[in-house]
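Participant: Turn these sequences into a full structure, and let the hints steer you where they fit.
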Amino acid sequence: MTILEMLKDTAHAEERILEAVQKAHESQKDLNAIVTFIDPAEQIAHLNEHKGGLLEGVPVALKDNVNTKGIKTTASSRILENYIPVFDATIVKKMREAGAVFIAKASMDELAMGGTNTTSVTGPVRNPHNLECMAGGSSGGSAALVAAGVVPMAIGSDTGDSIRKPASFCGVVGFKPTYGRISRYGIIPYSSSLDHVGVFTRSVKDAAVSLEVLAGRDDHDMTSSSLPVEHYLDAVKGDVAGKKIAVLKNVIDAIDDEATLHCFNDVIEGLKAKGAIVDVVEMNEDLLKALLPAYYLIANCEATANHSNLDGIRFGNRVDAETSEEIMIKTRTEGFGPLIRKRFVIGSYGLFWENQEKLFRQAQRVRRLIVEEVSRVLKDYDVYVAPAAPGGAPKLDDTSRDELSDKYLVADNHMILGNFTGYPSITVPMGLSDGMPVGINLTGRAFEESELLNIAQAVEDITGLCDSKVGD
Amino acid sequence: MKYDVVIGIEIHCELKTKTKMFSGAPASFGQRANTCVNEIELAHPGTLPALNKTAVRYAIMASTALNMKVDTLVKFDRKNYYYSDLAKGYQITQQFHPIGSDGYLDIETDEGTKRIRIERLHMEEDTAKQYHLDEKTLIDYNRSGTPLVEIVSKPDISSGKEAAAYVSKLRETLFYLGVSDVKMEEGSMRCDVNISLKPAGSPVYGTRVEIKNLNSISNVQKAIDEEIKRHSSVYDAGGSIEQETRRFDEATQTTVSMRKKEGAVDYKYFPEPNIFPIQLDLDWVKSIQDNLPELPDQRRARYMKDYGLGSYDANVLTSNKDLSDFYEEVCKVAKDGKIAANWCISELSGALAKRNETLSTMKLSAVHLGTLVNMILDKEISGKQAKEVFEDVLEGKDPKEVAAAKGMKQVSDSSAILSLINQVLDENPQSIVDFKNGKSRAVGFLVGQVMKKSKGQANPAMTNQLLTEELKKR
Chain A
1209 MTILEMLKDT AHAEERILEA VQKAHESQKD LNAIVTFIDP AEQIAHLNEH KGGLLEGVPV
1269 ALKDNVNTKG IKTTASSRIL ENYIPVFDAT IVKKMREAGA VFIAKASMDE LAMGGTNTTS
1329 VTGPVRNPHN LECMAGGSSG GSAALVAAGV VPMAIGSDTG DSIRKPASFC GVVGFKPTYG
1389 RISRYGIIPY SSSLDHVGVF TRSVKDAAVS LEVLAGRDDH DMTSSSLPVE HYLDAVKGDV
1449 AGKKIAVLKN VIDAIDDEAT LHCFNDVIEG LKAKGAIVDV VEMNEDLLKA LLPAYYLIAN
1509 CEATANHSNL DGIRFGNRVD AETSEEIMIK TRTEGFGPLI RKRFVIGSYG LFWENQEKLF
1569 RQAQRVRRLI VEEVSRVLKD YDVYVAPAAP GGAPKLDDTS RDELSDKYLV ADNHMILGNF
1629 TGYPSITVPM GLSDGMPVGI NLTGRAFEES ELLNIAQAVE DITGLCDSKV GD
Chain B
5 MKYDVVIGIE IHCELKTKTK MFSGAPASFG QRANTCVNEI ELAHPGTLPA LNKTAVRYAI
65 MASTALNMKV DTLVKFDRKN YYYSDLAKGY QITQQFHPIG SDGYLDIETD EGTKRIRIER
125 LHMEEDTAKQ YHLDEKTLID YNRSGTPLVE IVSKPDISSG KEAAAYVSKL RETLFYLGVS
185 DVKMEEGSMR CDVNISLKPA GSPVYGTRVE IKNLNSISNV QKAIDEEIKR HSSVYDAGGS
245 IEQETRRFDE ATQTTVSMRK KEGAVDYKYF PEPNIFPIQL DLDWVKSIQD NLPELPDQRR
305 ARYMKDYGLG SYDANVLTSN KDLSDFYEEV CKVAKDGKIA ANWCISELSG ALAKRNETLS
365 TMKLSAVHLG TLVNMILDKE ISGKQAKEVF EDVLEGKDPK EVAAAKGMKQ VSDSSAILSL
425 INQVLDENPQ SIVDFKNGKS RAVGFLVGQV MKKSKGQANP AMTNQLLTEE LKKR
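Going line by line, the protein sequences match chains A and B.
Take 1209 as the starting number for the first sequence in the numbering used here and just add one per residue.
Take 5 as the starting number for the second sequence in the numbering used here and just add one per residue.
Fair warning: there could be bad hints in the mix.
When the alpha-carbon atoms are kept at most 25 Å apart in a straight line, the in silico SDA-like pairs for lysine to any residue are as follows [what the hints assert, rightly or not]:
no., chain 1, residue 1, chain 2, residue 2
1, B, Lys79, B, Glu43
2, B, Lys79, A, Arg1425
3, A, Lys1277, B, Glu43
Beyond 12 Å from chain B on every Cβ pair, some chain A residues (computed) [as the list claims (entries may be wrong)]:
no., residue
4, His1233
5, Pro1248
6, Glu1264
7, Val1329
8, Gly1478
9, Ala1481
10, Asp1588
Since the hints were derived computationally from the structure, they do not count as laboratory data.
Think of the CB as a built atom: it goes at the ideal place given N, C-alpha and C, for glycine as much as any other residue.
Facilitator: Shown next as structure tokens:
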């Protein structure tokens, strides 16, 4: 069921919320998507205070890096296993005002670092379409809960492609708007200049409604934009006649999965049939291959500083010792998983003064060049599109990927472009490959969310994959 | 051997804003531990900095007063290090683009005015305060996030006395601007000194020693003087100075080593991603710069020009801003600025010191003191009477009422005074004889007797003159 359907029948909101809670509990054994269940009783008691809200009575799941006052928020890390925030994230306040009811904190890759959702301290999240497959990450729990129909909406965060990739793997809509469109205050960070807040939904229109609730200037986040929030839903017509769409040739060339390409071509033909002008556009291949290395440097350098607050002194899982310095060392050594420790080492290395110029600063210069390259394409096109992933979700035990291959560097990671530029980017389901969902990714110009959602709606109209059920 | 002394000074100064540098928590001194904090000071996950506009305004004011260039593109950086007083694990500072650069301050020395160049002024945030007990360490986060400016001089200072003059002038300037309390004893202004000696005229600098956390201007001077002695004697004996950080020990009045330099710490500075570069509105900056409060030098010059004060009096008054502000209020009423200055400098300051009070704790009103000065000028009461009246004026009473209640008025009617004089002379024939024998002291005694008879109301100058004339007649 979608948000829009629920809003038509708010009289049964309580029933639906309780049903969502029940489904959440039932799903846990299979999906392992939830870190903390939230008892909605108190929120239900206050429901009538939010009559007419854009999310009135809608059950929502939050990625576990979204701070909820008084409710455990762990970011799926041992170091925050017992952390209970003292304040709500700005988006939590906004959603509550709009009538949303939070029922679960969803699993994620530890501290949002990773693309598999296998590094959570509570164990891997499984894909509702095939429990042997990964849900993708880092917002895997949120993706799985929306895909399984537990909730119609879940919050995620996206630093590389952490919403848009799991959306593709789980067959749901995954949307991150422009950097600065949604406040990051109260979201446990990964990499400040790349972090975006976004949403998983079961339709493009639901994504539009969600954005209207989430967007807006927040004085607590100096990077948030003062541009007015739009009634995005009004623009979502699926009208693409005369719209200019660029297909990213580099990504297509790097994909060998026939079914994925087939689904993609069907969507492209559909868009053309609706009057869109579609061209194949090639980006500078060298820049695309530099995307992932530059990303790792920038993200890890920022992350190592961002997470220096996790020292066990004021909150979190303190490991006691003789001196405060020993407390910090022991707490961090025991509190972080091996992948996190590796990334902190890389980040720290990249920031050393003798390395910073040739690593971190160089990566930022590469980022600038890449942003210019994307802007060049979007000067002539309303959006650019490409398959969100080279295929369906990999098996949980799949270790076959070659991280230096074109397939991995370009086809698997091109959505980082959306984080480097900060441009709005959305993944919409486009079909199945070997029984697993695959999605198409569309990216538009800064703060032109309305246009992006409008074109995404056309894709949804073509595929008919609105509110689709697992196994359809 | 003769040495050149090379000194540079770094000042950390807390800004007197209502709230913290990057959060809405109150910034105040002396509150109960850990009450002036919110989630941002405690660096809870997910918190973000929101820049305090007043802190930026104060930094612009300070930069302008110190003759610096103001960078209107404000940028912040992260300084990364792990320490339990630094909640975020990094400090937000301005490493690469300080808001103020290339300024100077002129100080007065025995050889005349000397210009001390100032390299940079940047904004940053303070850390928490730690209390190390035997068994444990307590942390008070009230200070955490308090806005600071760091002001770094060029190594243009060459003695303890100059250093004291520089810190004192800087302190006075910041205080006049109203941007800081500049209380060194409370730590709202902190001073670190870098010092090295080299053979006189040598182009090669000696090894630099840092003296940290000097908590008074006199200690700045003492510590430097001690350090100059220490370096000189080590060099004279053919030894070498180690690069290290020292502190001034009050008990022994010497500097002692805190830690040896073990290679520079890598703070891994990089631009703060949560605060985009901010282009300040140039009109806003200009309006701040055009409306700076009066600075001490300007005020001194004005006192000398408008009130006819000498440089000594002007200095004494302006070096104490509260007294100086009070003096100006007195002058709004008093008809003579010089006499008003005398009263402020000697009588008032003396009374405050004696009572161990400050102007803010006294009921005294400037209008009353101004009135008192005018009563003397108008010969309504004598200077001696004025001192008596002043005791009540200090308690907030109106001098006119006090004088009336005490029945004081100055008698300047010559026939009335003359009648008293003749009474006194008739009663003291011996004094007349003494006077004739050349004992001039007799005049003083006789004037005293007249004053006594008049209950202190006779105009002393007139009494003196008339008495001398009468004595000569007898």
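Participant: Given the hint that Lys79/B pairs with Glu43/B, does the C-alpha gap stay at or below 25 Å?
Facilitator: OK: Lys79/B and Glu43/B at ~23 Å, within 25 Å.
Participant: Given the hint that Lys1277/A pairs with Glu43/B, test it: the Cα-Cα distance must not exceed 25 Å.
Facilitator: With Cα atoms ~11 Å apart, Lys1277/A and Glu43/B stay inside 25 Å; holds.
Participant: Over 12 Å to the closest beta carbon of chain B is the bar; see if Asp1588/A clears it.
Facilitator: holds (28 Å)
Participant: Does Gly1478/A really sit off the interface, with its C-beta more than 12 Å from all C-beta atoms of chain B?
Facilitator: holds (40 Å)
Participant: Hey, does His1233/A actually stay past 12 Å from chain B on C-beta?
Facilitator: holds (27 Å)
Participant: Taking the shortest Cβ-to-Cβ distance between Val1329/A and chain B, state whether it exceeds 12 Å.
Facilitator: At about 15 Å from chain B, Val1329/A clears the 12 Å cut-off, so the statement holds.
Participant: The output says Glu1264/A does not contact chain B. Does that hold with a beta carbon cutoff of 12 Å?
Facilitator: holds (26 Å)
Participant: Measure nothing beyond the straight line between the CA atoms of Lys79/B and Arg1425/A; if it is 25 Å or shorter, mark the hint as holding.
Facilitator: Cα-Cα ~21 Å, so holds.
Participant: Can we confirm that no CB of chain B comes within 12 Å of the CB of Pro1248/A?
Facilitator: holds (23 Å)
Participant: Would the non-interface assignment of Ala1481/A survive a Cβ cutoff of 12 Å against chain B?
Facilitator: The claim holds: Ala1481/A sits with its nearest Cβ about 43 Å from chain B, beyond 12 Å.
Checked against the numbered hints above, the structure breaks none of them.
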